[in-house]
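K.L.:
Single-letter residue listing:
Number of protein chains: 4
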Amino acid sequence: MTDLPAGLDDLAIETPSWAYANSGTRFKVFAQKGVPRDPFEKIADAAQVHAFTGAAPTVALHIPWDKVSDYSLLAAYAVDRGVRLGAINANVFQDDDYLLGSVTHPDPRIRRKATDHLLECVDIMDATGSRDLKLWFSDGINYPGQDDIRTRQDRLGDALTEVYARLGDDQRILLEYKLFEPAFYVTDVPDWGTSLLHCLALGPKATVCVDTGHHAPGTNIEFIVASLLRAGRLGAFDFNSRFYADDDLMVGAADPFQLFRIMYEVVRGGGLDPSAGVAFMLDQCHNVEPKIQGQIRSVMNVQEATAKALLVDAAALRAAQDGGDVLAANAVLMDAYDTDVRPLLATWREQRGLDADPIAAYKASGYFDEIVAGRVGGTQAGWGA
Amino acid sequence: MTDLPAGLDDLAIETPSWAYANSGTRFKVFAQKGVPRDPFEKIADAAQVHAFTGAAPTVALHIPWDKVSDYSLLAAYAVDRGVRLGAINANVFQDDDYLLGSVTHPDPRIRRKATDHLLECVDIMDATGSRDLKLWFSDGINYPGQDDIRTRQDRLGDALTEVYARLGDDQRILLEYKLFEPAFYVTDVPDWGTSLLHCLALGPKATVCVDTGHHAPGTNIEFIVASLLRAGRLGAFDFNSRFYADDDLMVGAADPFQLFRIMYEVVRGGGLDPSAGVAFMLDQCHNVEPKIQGQIRSVMNVQEATAKALLVDAAALRAAQDGGDVLAANAVLMDAYDTDVRPLLATWREQRGLDADPIAAYKASGYFDEIVAGRVGGTQAGWGA
Amino acid sequence: MTDLPAGLDDLAIETPSWAYANSGTRFKVFAQKGVPRDPFEKIADAAQVHAFTGAAPTVALHIPWDKVSDYSLLAAYAVDRGVRLGAINANVFQDDDYLLGSVTHPDPRIRRKATDHLLECVDIMDATGSRDLKLWFSDGINYPGQDDIRTRQDRLGDALTEVYARLGDDQRILLEYKLFEPAFYVTDVPDWGTSLLHCLALGPKATVCVDTGHHAPGTNIEFIVASLLRAGRLGAFDFNSRFYADDDLMVGAADPFQLFRIMYEVVRGGGLDPSAGVAFMLDQCHNVEPKIQGQIRSVMNVQEATAKALLVDAAALRAAQDGGDVLAANAVLMDAYDTDVRPLLATWREQRGLDADPIAAYKASGYFDEIVAGRVGGTQAGWGA
Amino acid sequence: MTDLPAGLDDLAIETPSWAYANSGTRFKVFAQKGVPRDPFEKIADAAQVHAFTGAAPTVALHIPWDKVSDYSLLAAYAVDRGVRLGAINANVFQDDDYLLGSVTHPDPRIRRKATDHLLECVDIMDATGSRDLKLWFSDGINYPGQDDIRTRQDRLGDALTEVYARLGDDQRILLEYKLFEPAFYVTDVPDWGTSLLHCLALGPKATVCVDTGHHAPGTNIEFIVASLLRAGRLGAFDFNSRFYADDDLMVGAADPFQLFRIMYEVVRGGGLDPSAGVAFMLDQCHNVEPKIQGQIRSVMNVQEATAKALLVDAAALRAAQDGGDVLAANAVLMDAYDTDVRPLLATWREQRGLDADPIAAYKASGYFDEIVAGRVGGTQAGWGA
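Residue numbers (this note's numbering), protein chains in the order written: chain S, 1 to 385; chain F, 386 to 770; chain A, 771 to 1155; chain W, 1156 to 1540.
Treat the hints as calculated values from the structure; they're not laboratory data.
None of these values were measured; they are calculated from a predicted model.
Fair warning: there could be bad hints in the mix.
[To be verified] Covered stretches of chain S (chain F as the covering partner; in silico rule of three or more C-beta atoms under 8 Å from a C-beta of chain F):
hint: 1; segment: 88 to 97
hint: 2; segment: 243 to 249
[What the hints assert, rightly or not] Partial chain S-side listing against chain F, Cβ under 10 Å, derived:
hint: 3; residue: F180
hint: 4; residue: Y185
hint: 5; residue: P217
hint: 6; residue: W383
Each residue gets a CB set at the ideal place from its N, CA and C atoms; glycine is no exception.
Bound conformation, chain S alone (with noise of 0.2 Å):
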């Protein structure tokens, strides 16, 4: 059996603390069982995500969705359950004054608040000791008129530099793009020219996020991720899959041969290399799939796309690409992504003390029955909360 090159051991996977709580669409949120009630309770499901990979050592949290009093008490019990708080995640579209936009409102008094709760999102990362600022703006505008563009990216800008400059010297932006939703006519970061033009203005701790579902159809993605490590500008992935629009399914579910292209341009450009500062996220809606298998196969799935990927024979390929063999090329490609890489990934659990099946694992660990019979009363999470 082929061996499974070095460099998997690099890839880290960070979940995000919201994937466990219910989601749904603007249709219906329909409500799991055994769905967390409050910061810890999600943590303790990430870290089980982590107990049966070994790949998803941090947490991303989102605020205020998990603000605590005690932010030093949440970390500690991460660690506690064998993982780490990781980005922090600011929220400026759930209040009622955000109707028309947080930090690119027209209002002062509303961008004043908005850009308040970004900068209150640093004090918590100093408080977590997290380097990653992640910022998603639903800011945008759904009629032709509504409000200015060209302005909206002043006061954009205005709001990203005020934050900036607030950063320690270890933390970072990831600014978001998103073609469209919840703005159905103008999104203002909506492609990564967008958020690569406001980091380059912004200097070098403010890196793009490449949220794999905030594309126009037939966007080529691995491009722009080959494109921004050319530029040094890849911050993160917020990786999850689609059809259509923003589905948030399963990463690797929708499409499995564009997460290996994609993470073959990572291998390639050099951004599995933990010095390269490439961030690797999950951002997932779990709407009608248990959450922490949902979340473990994502982890799965990213795995088995990094291995095809690392198991290219780059030689080969390079020789063929020079040669301008079309199908030769192309077939080195496929050779590798053809594999079928889960016995060796079932090795490298088991040479690591995991079992060779998360999944199986999982649910033959009885987790899932304790947090239903457990979790009674409350109010479970979910994005409103």
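Chain S is fixed; fit chains F, A and W onto it per the hints.
P.N.:
Relative to chain S, chains F, A and W alone:
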């Protein structure tokens, strides 16, 4: 000034009760002021739209959102306000049982429950005197393999057959299709072909409902309209507009030229004639704009597009088409589109005792201040209630 | 090692004569070496694909590109090389008369000419013994108003009716649809709904041809496949792959998981059974890659996807689906997809006296050098000839 | 009647020499009557567009399609006809050497050849006095793995750097981007982000060219326009319109409201001021419509959209935007769009000694009959020559 051709009086636009309630995206429902708290208040708002436009004489209900103990009271209330009850919209997507589908669910108990709701809606139609049962199914699957595509079609056919058999002589099914959302891999009725196949299997009282926001990017909607009129199966429109997906913006706001082309095919295919049985309905979400104003503006947009369509010089168009004069034929259509029909519509309104400017007249009426002041306490209506 | 389930022997893939000729984009047709100069040489190339794969026993012809004075000679030549003549593809898009359409043209003279060509193709079918007449119409309009959408449908229906009446008992029409290109506003047969409507009007000998590159972005092709099989109207596939539009790349190259899902629905719906009458054809343009190799690889890709589809554990899948276990059901499908079937196919080939590696065997055969050396002088075949 | 605000006189629209030649799709190039046979005849046709619109004073050349032995003769001929030579468009996509790319080709010999062509184009600019070198690269790959994405960016950067160094003080590079076609997996300059990154690396004389048909579905083009103006890097437009892909229809034909929104952002961002250096160019293919008429109509469409943009009540718009009045702000924009500006433009033309109806005047001029009669013999110009 050009005179407005006959035909506009045939255009009656039904507004949906839920457009007056709060709505939003999965990220946030922003509450607005003065929002109705029950079906009666929704109808009161809908009556305002008709009062100022003279073109919105009916209101669609959504069950269970608009469930009342006595529909004859609701109907009488409507008449009192100058409007009538319209189509009944079934809802089989918000009960916790429907996590994996309603009439296509793998579990026969849940299919039964969903079908019973549809039958109950026909009971309500009997009570309200409604002609149309509008069926939109959120049914579908998120992951390949989650359920069997074809079996779900069979289940759907079974449910529709049962409901069809229950219809009275003057009642119809309007079967809506939608590409995606809330299902993200397969939607069980994703396109007009699927809807039409089921309608053909059912019989003449089943027709297709075209929601203008429910198509894949690049779909030519007016072609579908022309084809359904040719097949005698265009039952209704759910009007709205979109830049990306099912954005549910005001109809005509995103692409007024498309709306004109659609209305041109309606006129061309005889669909404006009441005997054609085409129902013109709005189905929109006013997430950021005032709701009553949004409906008034939408009605006006449909009227303007229709007026332009009626202005097309049919003889000149046909002559240019038959002569193969591409640019002359296109110019005939564009001449109508480029015409500013607002003065014609102002005159049309004044001739019918309406204010020439419905938005200004509504604003001046004080109704909005009245409902903001009066609707204190209680729970605002939304999609969930 | 897993054994390959029965069924793969039922899979016969027809290659198109024009895939061996030069092709390109509107910007440039790059000539390749060794390209055939007449239909006989195309068939010689197609025979190579069958010789090395054992799965491509027939060759589709395109009229007039493959017009010969005596089709029995061409048929005998094919048999001599180990293959047979397949479907006849009509061409009503390259005569100067067809600037504004063929069977839907405003001028009855040109409609007559186009319909006569289709009838001539049935004559050729009689001579070649072909079962299938594949009809793809480039007909459409570029500008709103250029011609009447509905009238063109009527004209199309008239032409199809005339051709249908001319079919022999064992002959069929395969009616292809395509979203756009070369028409850019309306295509007269843009989607499966339109094709199916015409087929239903014609009768049982008219079925739909699904070209996998002819859909709007986001269209779920396997859903269409399942629906057409359910309706008994899936006549054929034109296989290729695409990232954007009708890219005509090698099937399985852009989204191998999609091809697997399609083949799964074929297997699930009984479409692999020869009695189902589904024709599996390639329709691709090898603009930058060697043509014969491209065809071999494409046949292999379809075989691999089919082998994976055959490996799906149907009982386990159904159990998980019926139990509403979303992730287990998805996992059953993915288990099959993630399997590396290449060793199974190697064995399958060896059992049938073929080389385990068709590409390597073809390369080693010296055929390519032979045609490069031998096909000197004359005019290379292309789309125009 | 509303008066047309100042600003329209600043709008000069460059027409492309190749729009007067034959063009088509990969399926067929339909020859038209009276088509030019050399660059001089193309300029004669372009001069007609200016004669009747007064707004198309320059003609873009395409090298080698418009190669002549003495460019001063061509320039003098243009002046004689009342127009001037405009941008030089390089062509590195039609030589057989460019099968796998030009400046990004794996083979350094071919990269050298391609770069030399670009340098030759600057020589021609020196001869013609052209300011702008428009670079569109068809470079890309069709299959994953075919070549290395990032290495191709490096090669592209090297070629651009060499060409940039060759530019005179008053010369510029306009770097065009395009999502896909003729490359189908990766295009080396697929979006504005990539183009801008290269421009930023080059220096102030490199700017982005926005072709309105080169985006992914759903892309908000006016946002890009606003962003590039804000960044000081909007160099030019290639105008055309599309329903699906790069359809190259007459600008404004597919979505006139979009064209209005684009021109509004141009006006809003100061791009209409000649000092902004934004070049307004047409780049279209008149496959089915008469070419000179098609250009005249296109110029008129841009003028009408610009006139509407100039009519926007900026103060009212800003007031509504600042007040957060979504519908009022949208209404201000729509008021301008809904205005029929054709009478205003008719007056504008008459004031400048032009006919109020350029199309009718052109038709009445007899020019078309003249070129049909006169251009006998020779080879019609097309994309290939």
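K.L.:
Against each hint, give a clear statement of whether it holds in the structure.
P.N.:
Hints and how they fare:
For the segment 88 to 97 of chain S, the assignment as covered by chain F holds, since 3 residues bring a beta-carbon within under 8 Å of that chain's beta-carbons and 3 suffice. Chain F is given as covering the segment 243 to 249 of chain S, and this holds because 5 residues of the stretch bring a CB closer than 8 Å to a CB of that chain, at least three being needed. Checking F180 of chain S against chain F: minimum C-beta separation of about 4 Å stays under 10 Å; hint holds. Satisfaction of the interface hint for Y185 of chain S is found here, the shortest Cβ-Cβ separation to chain F being roughly 6 Å, below the 10 Å cut-off.
A distance limit of 10 Å between C-beta atoms decides the matter here; for P217 of chain S the minimum to chain F is near 6 Å, and the interface restraint holds. Because the smallest distance between the Cβ of W383 of chain S and any Cβ of chain F comes to about 7 Å, under 10 Å, the interface hint for this residue holds.
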